[in-house]
Amino acid sequence: MMKNLRGSSTPVDPPVSDAIDAPADWRRFAPELDESKVVFSERVHGGGHWSGVLKRGTALRLVDVDGGVNVAALFYNQEEKLERYNMADTLKAQHTAHLTRGFVCYSDMGRVLCSVVADTVGWHDPIGGVSSNEDVAAKYGEHRFQEHRNDMYRSGREGLLIELGKWGLGARDLVANVNFFSKVVADETGALRFEPGNSTAGDYVDLRFEMNTLVALSTAPHPLDPGPQYAPGRLQLIAWRADPPGVDDYCRNFRPENRRGFHNTEILFR
Amino acid sequence: MTMGAIQNQPSRLDPASAVYDFTLPAGEPWMHEVKRGQIFRIVDIEGNQAVDTLFFSARDPAERYSAQDTIRRQGNIYLTAGSALMSNEGKVMLRIVADTCGRHDTLGGACAAESNTVRYALDKKYMHNCRDNFLTALARWGHRYGMTKRDIPANINFFMNVPVTGSGGLTFEDGVSAPGKYVEMRAEMDVIALISNCPQLNNPCNAYNPTPVRLLIWNPE
Chain G
1 MMKNLRGSST PVDPPVSDAI DAPADWRRFA PELDESKVVF SERVHGGGHW
51 SGVLKRGTAL RLVDVDGGVN VAALFYNQEE KLERYNMADT LKAQHTAHLT
101 RGFVCYSDMG RVLCSVVADT VGWHDPIGGV SSNEDVAAKY GEHRFQEHRN
151 DMYRSGREGL LIELGKWGLG ARDLVANVNF FSKVVADETG ALRFEPGNST
201 AGDYVDLRFE MNTLVALSTA PHPLDPGPQY APGRLQLIAW RADPPGVDDY
251 CRNFRPENRR GFHNTEILFR
Chain A
1 MTMGAIQNQP SRLDPASAVY DFTLPAGEPW MHEVKRGQIF RIVDIEGNQA
51 VDTLFFSARD PAERYSAQDT IRRQGNIYLT AGSALMSNEG KVMLRIVADT
101 CGRHDTLGGA CAAESNTVRY ALDKKYMHNC RDNFLTALAR WGHRYGMTKR
151 DIPANINFFM NVPVTGSGGL TFEDGVSAPG KYVEMRAEMD VIALISNCPQ
201 LNNPCNAYNP TPVRLLIWNP E
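Line by line, the protein sequences give chains G and A.
If you read the first sequence in the working numbering, its first letter stands for residue 1, the second for the next number, and so on.
If you read the second sequence in the working numbering, its first letter stands for residue 1, the second for the next number, and so on.
Bear in mind the hints are in silico, worked out from the structure with no lab data behind them.
Note that this is a predicted model, so its numbers are computed, not measured.
There could be a bad hint or two in this list.
A few chain A residues that face chain G, going by a derived Cβ cut-off under 8 Å, partial list only [to be verified]: (1) A62; (2) D69; (3) R72; (4) G90; (5) L107; (6) L122; (7) G169.
Result set (DSSO-like, lysine-lysine): computed pairs, CA atoms no more than 27 Å apart in a straight line [claimed, not checked]: (8) A:K91 x G:K139; (9) A:K124 x A:K149; (10) A:K91 x G:K55; (11) A:K149 x A:K125.
Glycine included, each C-beta is placed from N, C-alpha and C at the ideal position.
Build out the structure end to end from the sequences listed, making use of the hints.
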C-alpha cells in the first residue's frame with residue numbers, strides 16, 4: 001500500500017545505502033553497540049510474528065518497547081531442524097522453572113542453542129505455552145482482518161505456525177516454547193499464577209547464539225495474561241556480532257551442567 | 001476439588017475383568033491403542049518407578065499430548081485425579097479418573113543419551129534411556145502411523161515428584177509413590193499410548209532401581 005509516510009507514525013525506511021535497516025531504532029535501544037557489529041534491527045508489531053536465522057556467534061536483543069510484551073519463542077538447529085529447543089531438558093539440566101541471565105536454552109541433543117547473556121527483567125516463563133485461536137476468541141472476542149486490518153487479533157500458536165511454515169515446519173515441530181518477558185509462578189500445591197507487570201518499557205534480554213539457529217517468535221499476549229483487552233506490545237530486535245564465550249564465560253560456568261553443554265556444542269563446530 | 005493437593009482417589013475396577021493386562025519390564029518401550037471410553041491403568045508395582053508417557057490421537061498423530069496446554073488449562077503443574085490431559089489442539093485426550101499416588105510430573109521430560117551427558121557426565125552417554133525407548137517404539141510400531149522423532153514432545157512422568165519452588169527452582173524429590181500405587185485414566189478419544197518404562201540409573205528419584213509396571217485396559221462398563 002503506497003502512502004505518504006510524512007507525518008505517519010510508521011518509521012521511514014532508511015536510505016538503501018545504509019548498512020542496516022533502522023539505525024535510529026537500534027541506537028535508541030542499544031546505544032552501546034558498535035555500528036560495525038550490528039547485523040540488523042527490526043520492529044515486530046504487537047500480536048505479530050517473526051522468524052530468522054541467527055548464526056553461531058550472533059547476539060539478539062529483544063526489547064519490550066511498550067511494556068508488558070510477551071514473546072513466545074522456539075529455537076531449531078538451522079542445519080537439522082529435528083534438533084530443537086527442549087523445555088524439559090532446559091529445566092531439569094539447570095534445576096529451574098524460569099530463565100534469566102546465566103541460563104541457556106538446551107536442544108534435545110544436549111547442546112546449547114542460545115545463552116541468556118544479559119537480562120533486565122529477571123524472569124522469563126518456560127512453561128505457560130501459547131494461546132490458540134479458540135483461546136483468543138473466547139477471551140477477547142473476534143477481531144478479523146476484514147474489519148480491523150492489521151489490528152486483527154492473532155493467537156500465539158497461529159503466529160508460530162505461520163513462521164514455521166516458511167521453513168517447511170509445522171504443527172509436529174511446534175513444541176513447548178519459552179515466553180520471554182512473562183512470569184508464571186507455581187505455589188507449593190503446584191497452582192500457577194501469572195504475575196502482571198513483570199516487564200516494563202525498555203526492558204530487554206540478550207540471547208547469544210551458540211549454534212546456527214532458526215528462531216520463530218510470536219508477540220501475541222501470554223495465554224495466562226488476565227488483562228481483558230487484546231493489547232500486545234511491540235518488540236524491537238537488534239542483532240549483532242558478539243564476542244565468543246571464553247573459558248570464564250558467565251553462562252558456561254553458571255552450572256556444571258552448562259560446561260558440558262558448551263562442550264557438546266563446541267565439538268559440533270570443530 | 002483443589003488441584004495439586006496430594007489426594008487418594010481409588011478405583012472400583014477389578015483387574016480380573018480387564019481386557020488387557022501386561023507387565024512391562026524396566027527399561028522397555030510399549031505402544032498400544034486405547035479406544036475412546038476405555039479405562040487405562042498404570043500400576044507402579046514396586047514403587048517410585050518413572051513411567052514416561054505420551055499420547056497421540058489415533059486418527060491424526062500430529063495431535064498429541066501437550067504439557068503446556070495441560071498445565072495451563074488446569075492452572076496446575078501436577079497431574080492427579082480430575083486432571084484432563086490436553087492435546088496441542090486444545091482437546092481433552094484423557095481424564096484421570098483414579099489415582100492412589102496423588103501427584104505426577106509434567107515438566108521433567110524424558111532422559112536421553114545426550115541430556116545424560118549434560119546432567120551427569122560425558123561418559124554416561126552409553127547408558128540406556130527413555131528417548132532410545134521412544135525411538136525403538138517408533139521404529140517397531142510408530143511407522144504404521146507415520147510417526148518419527150518429530151512427534152516426540154515433552155512427556156508425562158507418572159509417579160514422579162518434580163516440585164517447582166516459589167523462587168522458580170525445579171527439584172527432584174523423593175517419590176510420593178509406593179508399591180502398588182496406580183493411576184487410571186479414561187480415553188476421551190481414540191489414542192495411541194507410548195511408554196518408556198524408564199531405565200535411568202543416575203537419578204535417586206527411583207532409588208537407582210528401575211522396576212516393572214503393570215498396564216491394564218478395561219472396556220467401557
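ask   = Is it true that the CA of K91 (chain A) sits at most 27 Å from the CA of K55 (chain G)?
value = Violated: K91 (chain A) and K55 (chain G) sit about 37 Å apart, past 27 Å.
ask   = Does G169 (chain A) pass the interface check with chain G, least Cβ-Cβ distance below 8 Å?
value = 6 Å, holds
ask   = Under the criterion of a CB-CB separation shorter than 8 Å, is L107 (chain A) in contact with chain G as hinted?
value = L107 (chain A) check passes; min Cβ-Cβ to chain G is 6 Å, inside 8 Å.
ask   = Quick one, are K91 (chain A) and K139 (chain G) close enough, alpha carbons at most 27 Å?
value = 17 Å, holds
ask   = Has the given pair, K149 (chain A) with K125 (chain A), been kept, meaning a C-alpha gap of at most 27 Å?
value = OK: K149 (chain A) and K125 (chain A) at ~19 Å, within 27 Å.
Given hint A62 (chain A) near chain G, where the shortest CB pair must fall under 8 Å = Because about 5 Å separates A62 (chain A) from the closest Cβ in chain G, which is inside the 8 Å limit, the hint holds.
key: Hinted contact R72 (chain A) with chain G - closest CB pair below 8 Å   = 5 Å, holds
inquiry  = Next item in the hint list is L122 (chain A). Is there a CB on chain G closer than 8 Å to its CB?
reply    = 6 Å, holds
task = With chain G as the partner, please determine if D69 (chain A) meets the hint condition of a C-beta pair closer than 8 Å.
result = 6 Å, holds
query = When the nearest CB of chain G is found for G90 (chain A), is that gap smaller than 8 Å?
reply = At about 5 Å, which falls below the 8 Å cut-off, the nearest Cβ of chain G leaves the hint on G90 (chain A) intact, so it holds.
query = Is K124 (chain A) close enough to K149 (chain A), meaning Cα to Cα at most 27 Å?
reply = 22 Å, holds
Of the numbered hints listed earlier, the single one contradicted by the structure is hint 10.
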